[in-house]
Amino acid sequence: MSLIQITNTEADADIDSHHSRNIQADIAIEATALHKSFGSTHALKGVDLKVAKGEMTVLLGLSGSGKSTLLRCLNGLHQLTSGEVTVLGEAVHVAKARKLRALRSRVGFIFQHFNLVNRLTCLENVLIGAAGRIRGPRYGLLSYTKAQRREALGHLERVGLGDLAFQRADSLSGGQQQRVAIARALMQKPELILADEPVASLDPQNAANVMDLLFQVCREDGITVVCTLHQVDLALQWANRIVGLRSGEKVLDESTASLSKERVLEVYQQLDPDAEITTS
Amino acid sequence: MMLTKAHPEPSKITTSPRTPESLIPRPTREKVTLWIILAALIPLTLASAEHIEFDLRALGGGFGDVANLLARMLPPEVNDPPRVFELLLETLMMALLGTVLATIISVPLAFLAAANTTPHPLVHRGARMLITMCRAVPDLVFAVLFVRALGIGVLPGILALGLHSVGMMAKLFADAIEQSEAGPREAVRATGAGRMGELIMGVLPQVIAAWLGTCIYRIDINLRTSVVLGFVGAGGIGFALQDSLRGLMYESAMGIVLIILVAIAAMEIASIALRRTLLNPISAGPAPRVPDVSSALLPPWSGDRRTRTIAGFLLLGAVIYSLIHLRINPLVPITSFGELAAVFGRLFPPSISGAEELLLPAVVETLAIGLVATVIGALLAIPVGILAASNISPARPIFAAARMLILVVRAIPELILAVVFVAAIGLGPMAGAMALAVETIGFLGKLVADSIEEIPVGPLEAVRAVGGSWWDQLCNAVIPQALPQLIGHWMYMLDVNIRTSTVLGVVGAGGIGFLLMESIRTLNFNLAGTIILLIFAIVFMIERISAWIRKHVA
Ligand SMILES: Nc1ncnc2c1ncn2[C@@H]1O[C@H](COP(=O)(O)OP(=O)(O)O)[C@@H](O)[C@H]1O
Ligand SMILES: [Mg+2]
Chain G
1 MSLIQITNTE
11 ADADIDSHHS
21 RNIQADIAIE
31 ATALHKSFGS
41 THALKGVDLK
51 VAKGEMTVLL
61 GLSGSGKSTL
71 LRCLNGLHQL
81 TSGEVTVLGE
91 AVHVAKARKL
101 RALRSRVGFI
111 FQHFNLVNRL
121 TCLENVLIGA
131 AGRIRGPRYG
141 LLSYTKAQRR
151 EALGHLERVG
161 LGDLAFQRAD
171 SLSGGQQQRV
181 AIARALMQKP
191 ELILADEPVA
201 SLDPQNAANV
211 MDLLFQVCRE
221 DGITVVCTLH
231 QVDLALQWAN
241 RIVGLRSGEK
251 VLDESTASLS
261 KERVLEVYQQ
271 LDPDAEITTS
Chain U
1 MMLTKAHPEP
11 SKITTSPRTP
21 ESLIPRPTRE
31 KVTLWIILAA
41 LIPLTLASAE
51 HIEFDLRALG
61 GGFGDVANLL
71 ARMLPPEVND
81 PPRVFELLLE
91 TLMMALLGTV
101 LATIISVPLA
111 FLAAANTTPH
121 PLVHRGARML
131 ITMCRAVPDL
141 VFAVLFVRAL
151 GIGVLPGILA
161 LGLHSVGMMA
171 KLFADAIEQS
181 EAGPREAVRA
191 TGAGRMGELI
201 MGVLPQVIAA
211 WLGTCIYRID
221 INLRTSVVLG
231 FVGAGGIGFA
241 LQDSLRGLMY
251 ESAMGIVLII
261 LVAIAAMEIA
271 SIALRRTLLN
281 PISAGPAPRV
291 PDVSSALLPP
301 WSGDRRTRTI
311 AGFLLLGAVI
321 YSLIHLRINP
331 LVPITSFGEL
341 AAVFGRLFPP
351 SISGAEELLL
361 PAVVETLAIG
371 LVATVIGALL
381 AIPVGILAAS
391 NISPARPIFA
401 AARMLILVVR
411 AIPELILAVV
421 FVAAIGLGPM
431 AGAMALAVET
441 IGFLGKLVAD
451 SIEEIPVGPL
461 EAVRAVGGSW
471 WDQLCNAVIP
481 QALPQLIGHW
491 MYMLDVNIRT
501 STVLGVVGAG
511 GIGFLLMESI
521 RTLNFNLAGT
531 IILLIFAIVF
541 MIERISAWIR
551 KHVA
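These protein sequences, in sequence, are chains G and U.
Taking the working numbering, the leading residue of the first sequence gets 1, the next gets one more, and so forth.
Taking the working numbering, the leading residue of the second sequence gets 1, the next gets one more, and so forth.
Because the hints were derived from the structure by calculation, they are not lab data.
Keep in mind that a hint or two might mislead.
Said to hold, decoys possible - With a Cα cut of at most 25 Å, we get these calculated DMTMM-like pairs of lysine to aspartate or glutamate: (1) Lys96(G) to Glu461(U); (2) Lys53(G) to Glu84(G); (3) Lys99(G) to Glu461(U); (4) Lys551(U) to Asp170(G).
Quick caveat: nothing in here was measured; it's all calculated off a predicted structure.
Isolated chain G, as found in the complex (with noise of 0.2 Å):
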């Protein structure tokens, strides 16, 4: 049995246990009426999106029309100015502290910059995404069970990068960084992943290979997924949805079954006139 299965079945179980907790267990994200405010800023402006458990949804917009701002919304690493948003079961706007580590640990987090720490090796930065449900602080490689080790070279394996475990993170192209960030989302075993922009730093090639290999292991893993993209051919060959965002305000949320890639441009180049859309 490989390491992969092995995952695999863990992911499903837990899914499954959560499955029994949740009061409506088909729905991942429900966010109502949405506001964010940083001083005079306003960031959202009564946002409501929802998304069934297993979809894979890519939001669009501008720079600035509150993407990133609605992501960290969703896991609480933004608090929210006025709005509910309930998050695989738990009620984001409500929880403290330990509910909210607790829900986090459930989420991945795919960050444009990759946010690695620099001087750990690969292995190092993969554990950091176990943090969440192991108990106390470990410093060092040896300070993680045997066990947890080999789980998260297995994630490694999966992204494609078992040989370079133990390369210091800033050693890494871009597209490893991120495809090493993408294990250590793994390594939380999500049920859920929100990706802010994760190829916007790489160049096409790279995108559309670290794009493949996210949504690949999502699809296989069954992990719903809320991700921004500029690139609408990766958003259409991908996502069952697009939601489209401008200056706070949703102004687009269609299946993608619906739409063809000419109605996206469209629709894109409205949400950004001036854009230079790229069909690599």
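Got chain G; can you put chain U with the ligands on it based on the hints?
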């Protein structure tokens, strides 16, 4: 530095030191270095503690004595307030002029000492050597020598502060030049500009912010030091303090200490504010309207530019006023160069006559004091520093309390701490070690807090996003990222503490300082020369070790 270097994708990294069976990597050079440091440090510290008869129980017994001393210091009083305030003003002016003098010397020296602007590698080495030399001679020793040459007064104090500060300022200035980018310089050179033009237009704009930061930081340090210089007759409020202590007028000594604390704390707050306004220009807010570019060839009077110009004129005014008030002829260092050179000349040739048996034990004692103080100090300072870093501190009140603790400890000159500990546990090296350990909380705590605040926030956020706790953030993101800086600061602290411990001898807190002060007092200048060379050797050695560690842990 948010973005990591992106290599071209296909360049698979070669030689992966992977050992799949054990899931443990081959030890890297960094790990090995860290283990060597630990393996050397622990026995050395224990042996040092043994050597200076360090015993925490002595502290318990000393509480009564300290309480006694404090009781005699209360209620604090200020005799002759006009005189005390005049001396305080003098102290402030000494700190200002000393820092200005150091800046004037440091700028050209830094260009000679920076590897990328030096005219010749030999000049580079020589300049770096000179800088280390300035740092190795404690300011108090400079002061004693200058008082010998020029007589009692503020001028020796200013010169002492100035020369000693060169040791830090020129080093940091040169480091900043070495870290500047070559691109802008090349662009200036490409226009056909000369060498001066290249340095002024290509390098200066890149380093000026770092330099300003260094100056602000140093004036803060110099204020603390200038308080102490009065003890050896180099002017300022230290005069009054020593008078009171000599005359056993503890109430008035306490009054002066409190005035000093307030002045230093005020300076610290002012320097934080100054740093904010000068170094972090306000980026928010609408850009000022440019009136008419064709007619106005000067940039618009934005808030920043106004602040900077006003600050510049205020500084110039303060320097001129200080020179007039203290009746100092700026040319005196040049006109009395002969006397200065003569005093330094008498340090040579170094000899150990009169102290053959005393010298080695005193050196060992000084090293032991420095090491024990820095280890104990770090055990206290690192937790305080972590709590005082705004990006990891668990709660606002804890952050405020930790910063306050650092501020208060920093405000107490180490000589005063040494006096208190001597009162508590008697004359000897342990009093010196304790004083330095406490002082370390303020000094190292601040360095730790500041460098933790500078780490990239991304990884911290990533740990939070996986549901990690505060401890997880600390262990997984803060310490791994800050480790090289923490080690560097610790080594620097060791260097500072060993140098300071040479000064503590003045108040009977053990070490080589006692011997040094005695040798100068008894006009045995050749012995003083030897001791100064020894201190230089120690400082130089620590610098080499630091460089070695920096090469392996980065
Ligand atoms: N931490 C913050 N503090 C202040 N303003 C912020 C912060 N984060 C985002 N904003 C503001 O909120 C708006 C939405 O930003 P963001 O969610 O980052 O947009 P996007 O991710 O779509 O580019 C912008 O106007 C931005 O300036
Ligand atoms: Mg964004």
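Structure-based check of each hint:
{"no.": "1", "hint": "Lys96(G) to Glu461(U)", "in the structure": "holds (18 Å)"}
{"no.": "2", "hint": "Lys53(G) to Glu84(G)", "in the structure": "holds (19 Å)"}
{"no.": "3", "hint": "Lys99(G) to Glu461(U)", "in the structure": "holds (17 Å)"}
{"no.": "4", "hint": "Lys551(U) to Asp170(G)", "in the structure": "holds (17 Å)"}
Checked against the numbered hints given earlier, this structure breaks none of them.
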